[in-house]
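Undergrad: Work out the full structure, taking the sequences as your base and the hints as a guide.
In order, the protein sequences belong to chains A and B. Under this note's numbering, the first residue of the first sequence is numbered 1, with each subsequent residue one higher. Under this note's numbering, the first residue of the second sequence is numbered 1, with each subsequent residue one higher.
Calculated from the structure, these hints are not laboratory results. C-beta: ideal position from N, C-alpha, C; glycine also. A portion of the hints provided could be inaccurate.
What the hints assert, rightly or not - Example chain B residues on the side facing chain A (calculated, C-beta under 10 angstroms, incomplete):
(1) R2
(2) S59
(3) D65
(4) A68
(5) R83
(6) P124
(7) G163
(8) I164
(9) E165
(10) S169
Stated by the list, open to error - Keeping only pairs whose Cα atoms sit at most 20 angstroms apart, straight-line, the calculated EDC-like set for lysine to aspartate or glutamate is:
(11) A:K205 to B:D216
(12) A:K133 to B:E123
(13) A:K219 to A:D65
(14) B:K205 to A:D216
(15) B:K219 to A:D65
(16) A:K115 to B:D216
(17) A:K205 to A:E123
(18) A:K205 to B:D214
(19) A:K93 to A:E158
(20) A:K219 to B:E31
(21) B:K115 to B:D65
(22) A:K115 to B:E31
(23) B:K115 to A:E31
(24) A:K178 to A:E256
(25) B:K205 to B:D216
(26) A:K133 to A:E118
Chain by chain, the residues:
Protein chains: 2
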Amino acid sequence: MRVAYQGESGAFSEAGAIEYFGPEITTLAQESFDRVFQAVNSQQCEAGFIPIENSRAGSIHQNYDLLAENELYITGEYYLRVRHCLIALPGTKITEIRRVISHPQALNQCRNSIKEFEIATSEPVYDTAGAVKLMASAKDTTVAAIASRRAAELYGMEILAEGIEDDPSNYTRFLVIKRQPVVVEKNAKTTLVFSLSNQPGALFKALSTFALRDIDLTKIESRPLVEKPWDYLFYIDLAGTIENPVVMRALENLREYATMLRVLGSYPRHILSAS
Amino acid sequence: MRVAYQGESGAFSEAGAIEYFGPEITTLAQESFDRVFQAVNSQQCEAGFIPIENSRAGSIHQNYDLLAENELYITGEYYLRVRHCLIALPGTKITEIRRVISHPQALNQCRNSIKEFEIATSEPVYDTAGAVKLMASAKDTTVAAIASRRAAELYGMEILAEGIEDDPSNYTRFLVIKRQPVVVEKNAKTTLVFSLSNQPGALFKALSTFALRDIDLTKIESRPLVEKPWDYLFYIDLAGTIENPVVMRALENLREYATMLRVLGSYPRHILSAS
Chain A
1 MRVAYQGESG
11 AFSEAGAIEY
21 FGPEITTLAQ
31 ESFDRVFQAV
41 NSQQCEAGFI
51 PIENSRAGSI
61 HQNYDLLAEN
71 ELYITGEYYL
81 RVRHCLIALP
91 GTKITEIRRV
101 ISHPQALNQC
111 RNSIKEFEIA
121 TSEPVYDTAG
131 AVKLMASAKD
141 TTVAAIASRR
151 AAELYGMEIL
161 AEGIEDDPSN
171 YTRFLVIKRQ
181 PVVVEKNAKT
191 TLVFSLSNQP
201 GALFKALSTF
211 ALRDIDLTKI
221 ESRPLVEKPW
231 DYLFYIDLAG
241 TIENPVVMRA
251 LENLREYATM
261 LRVLGSYPRH
271 ILSAS
Chain B
1 MRVAYQGESG
11 AFSEAGAIEY
21 FGPEITTLAQ
31 ESFDRVFQAV
41 NSQQCEAGFI
51 PIENSRAGSI
61 HQNYDLLAEN
71 ELYITGEYYL
81 RVRHCLIALP
91 GTKITEIRRV
101 ISHPQALNQC
111 RNSIKEFEIA
121 TSEPVYDTAG
131 AVKLMASAKD
141 TTVAAIASRR
151 AAELYGMEIL
161 AEGIEDDPSN
171 YTRFLVIKRQ
181 PVVVEKNAKT
191 TLVFSLSNQP
201 GALFKALSTF
211 ALRDIDLTKI
221 ESRPLVEKPW
231 DYLFYIDLAG
241 TIENPVVMRA
251 LENLREYATM
261 LRVLGSYPRH
271 ILSAS
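TA: Here it is, written out as structure tokens:
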């Protein structure tokens, strides 16, 4: 099975895809999210694995746009805990390190650890896995990189410390996209996108279609439409599958208010274990 | 007046702060969002200017966390259209450019333009303004950078093309934070953060406190709490000020359901003009 993801080899997206699908898949690095969708559309890949929200950085609207534009289905979700590693040339001692390189967000997320390790200089580069690549080719034992365990393994580097992020509850939620939907019997989640015109109480009416049928929402997010500053797009995840007649009726009801409604897929719910 | 922002000199945050406050302010670059809050808390700066959401990348949860943790107030908002420039050494012709450097997101946002300009290579670096700095010091007329107009001016570089982003509706919303709240009479917006325990229909009840009082919501966003996977934080912006007795009563009502509620400030509403 071929799975497309955005980023360099060893990126957290690739690590997540392997955790989700298993080590036997072939991962294909893409330079942008658009390319991930293209790879699935063109049948070059059977699935795409895209980040949709991060606990610190929020929802990735660009991927919601691509979901709405493409005729693909969400068939799964996966919560990946973002565990950063301090990575160096094999045989390096932590006390030798004078400089650490990584993506600015990763450096920022490991600030306390960098201080504890007494590393004098932090230097931002464009990508976490790219930092390991740079460090590996420079062959300098005073430099370390911060990236995923997979990036260390890929370049044959040594992990000096693991789980060095200051906030242990940092995670990224990924979605699996395929050309065909899946049928889910139990513990399903359904993702919708819809728009409402600017009328007082429109959102309240829309939500009442779910509340009055005891359908639980697990995510709700509004997004202003720049072209029409008074109108909104809404992203909703609900507990249940579109195969369920009650959910179906709620969606029929919502269509009466919504100026646009797309069901992006029903899929098995993943719950992040508190490990 | 001294204003703290995150990023390098010439960053979009700095450009936005100058558009909002005027050219007479002194801007102070900070290496992280935490430091922006610290600079205001410690009275080193009178105000901070922080991005809170981007039309493509979504809400910046980290800044919501910092707003909830610090005893500061939102006193204003500003929508900045993200206009990218192609920047090179003075006297360079666009046809000479072989390589373009910038932050990966900026390169991605200008993909069509890069193709039109027939620039062969895109190279990611950690920051847009940092790309201009690198390009300026390399003194190579075959290299261009993508960044803000301000970054070009700061380093005395030439703007070969402006507004080269593929999506002209790309904007970032910024918030102004100060130690004291402001009083707003008209066209106010109020930002709240609250949490609800996981009970069926809890969100619907919470929203009804506003809907039944005809208070319009301009933003709603849920955020799962990783430590308690069934509980949620909610971010709400409403039209109106907390000075208004109807809004006050709605908030009192909400306190009956919410396990936590913080009002982050009432401030004048900014509407992005469709220029």
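Undergrad: Given the hint that K178 (chain A) pairs with E256 (chain A), does the C-alpha gap stay at or below 20 angstroms?
TA: 29 angstroms, violated
Undergrad: Per the CB criterion, is R2 (chain B) less than 10 angstroms away from chain A?
TA: 23 angstroms, violated
Undergrad: With a cut-off of 10 angstroms on the beta carbons, see whether I164 (chain B) makes it to chain A.
TA: 17 angstroms, violated
Undergrad: Is the shortest C-beta separation between D65 (chain B) and chain A less than 10 angstroms?
TA: Since chain A brings a Cβ to about 8 angstroms from D65 (chain B), closer than 10 angstroms, the hint holds.
Undergrad: Should the interface hint for R83 (chain B) be scored as holding, given a Cβ-Cβ cut-off of 10 angstroms against chain A?
TA: 14 angstroms, violated
Undergrad: Below or equal to 20 angstroms on CA atoms is what counts here, so check K115 (chain A) against D216 (chain B).
TA: 46 angstroms, violated
Undergrad: The hint names P124 (chain B) as touching chain A; please verify it with the least Cβ-Cβ distance against 10 angstroms.
TA: 4 angstroms, holds
Undergrad: Take a quick look at whether K205 (chain A) and D214 (chain B) sit within 20 angstroms of each other, Cα to Cα.
TA: 13 angstroms, holds
Undergrad: Hint validation: G163 (chain B) versus chain A, beta carbon distance must be below 10 angstroms. Holds or violated?
TA: Where the cut-off is 10 angstroms and the nearest Cβ of chain A is about 15 angstroms from G163 (chain B), the hint is violated.
Undergrad: Check the hint pairing K205 (chain A) with E123 (chain A) against an upper bound of 20 angstroms on the C-alpha distance.
TA: 50 angstroms, violated
Undergrad: Is it true that the CA of K219 (chain B) sits at most 20 angstroms from the CA of D65 (chain A)?
TA: 18 angstroms, holds
Undergrad: Is K115 (chain B) within 20 angstroms of E31 (chain A), Cα to Cα?
TA: 15 angstroms, holds
Hints 1, 4, 5, 7, 8, 9, 16, 17, 20, 21, 24 and 26, counting from the list given before, are not met by this structure.
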